[in-house]
Amino acid sequence: MNQFGGDWTEEKMDIVVKYAAAYLTIMSKQDWVRTIYFDGFAGSGYIETGESDDLKKGTSLRILDISEPKPFDIYYFVELNCKYP
Numbered sequence: 001m002n003q004f005g006g007d008w009t010e011e012k013m014d015i016v017v018k019y020a021a022a023y024l025t026i027m028s029k030q031d032w033v034r035t036i037y038f039d040g041f042a043g044s045g046y047i048e049t050g051e052s053d054d055l056k057k058g059t060s061l062r063i064l065d066i067s068e069p070k071p072f073d074i075y076y077f078v079e080l081n082c083k084y085p
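In terms of this note's numbering, the sequence shown opens at residue 1 and continues consecutively.
Wrong hints could be hidden among the right ones.
To be verified - Heads up, simulated DMTMM-like pairs for lysine to aspartate or glutamate below, C-alpha to C-alpha not over 20 Å straight-line:
(1) 70 - 10
(2) 57 - 31
(3) 56 - 14
(4) 70 - 31
(5) 29 - 10
(6) 29 - 39
(7) 12 - 48
(8) 29 - 79
(9) 12 - 65
(10) 18 - 73
(11) 70 - 39
(12) 18 - 39
(13) 29 - 68
(14) 56 - 11
(15) 18 - 65
(16) 56 - 79
(17) 12 - 73
(18) 56 - 73
(19) 18 - 54
(20) 57 - 11
(21) 70 - 11
(22) 12 - 54
As the list claims (entries may be wrong) - The following label-pair restraints were derived from C-beta to C-beta distances:
(23) 32 - 57: 16 to 24 Å
(24) 15 - 69: 16 to 24 Å
(25) 73 - 48: 28 to 36 Å
(26) 33 - 80: 27 to 35 Å
To be clear, the hints were calculated from the coordinates, so they are not data collected in a lab.
The model shown is predicted, which means the values in this text are computed figures rather than measured ones.
Cβ atoms here follow ideal geometry from the backbone N, Cα and C, with glycine treated the same way.
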């Protein structure tokens, strides 16, 4: 679990996921294309907010939730120190 960021963190994650979904919409019309998602700073998958003890899904888990119009074909998630809750 990661503890970082500020108010902008949630907005950044939303932008990245919306961009990825738009990209997949475009690429889904190309039968010959294989899509790859690479995240060099994937984190643990969850973010602990300072507001409560609740965990929020990080960008990497939100990307994995994309199923429409299609998921990515290949995923690479890189994290040096990953501890799941």
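Taking the beta carbons of residue 15 and residue 69, is their distance inside 16 to 24 Å? Given about 19 Å between the Cβ atoms, the range holds.
Would you check the hint for residue 12 and residue 48, treating anything up to 20 Å between C-alpha atoms as holding? holds, 16 Å
Does residue 73 lie within 20 Å of residue 56 when you go C-alpha to C-alpha? Violated, at about 25 Å.
Given pair status - residue 39, residue 70, alpha carbons within 20 Å: holds, 18 Å
Below or equal to 20 Å on CA atoms is what counts here, so check residue 29 against residue 39. Distance of about 24 Å is beyond 20 Å: violated.
Taken at face value, is the distance from the CA of residue 10 to the CA of residue 70 at most 20 Å? Violated. Residue 70 to residue 10 sits at ~23 Å, over the 20 Å cutoff.
Quickly compare the C-alpha distance for residue 18 and residue 65 to 20 Å and report which way the hint goes. Status holds; Cα separation ~12 Å.
Against the 20 Å threshold, does the CA-CA distance of residue 12 and residue 54 hold or violate the hint? holds, 19 Å
Can you confirm whether the C-alpha distance between residue 18 and residue 39 stays at or below 20 Å? holds, 15 Å
Is residue 70 close enough to residue 31, meaning Cα to Cα at most 20 Å? holds, 12 Å
If you draw a straight line from the CA of residue 18 to the CA of residue 73, is it 20 Å or shorter? Measuring from Cα to Cα gives roughly 17 Å; hence the hint holds.
Can the restraint linking residue 29 and residue 10 be considered satisfied, given a maximum Cα separation of 20 Å? Distance ~30 Å between residue 29 and residue 10 Cα, so the pair is violated.
Of the numbered hints given earlier, the model fails hints 1, 2, 5, 6, 8, 17, 18, 19, 21, 23; all others are met.
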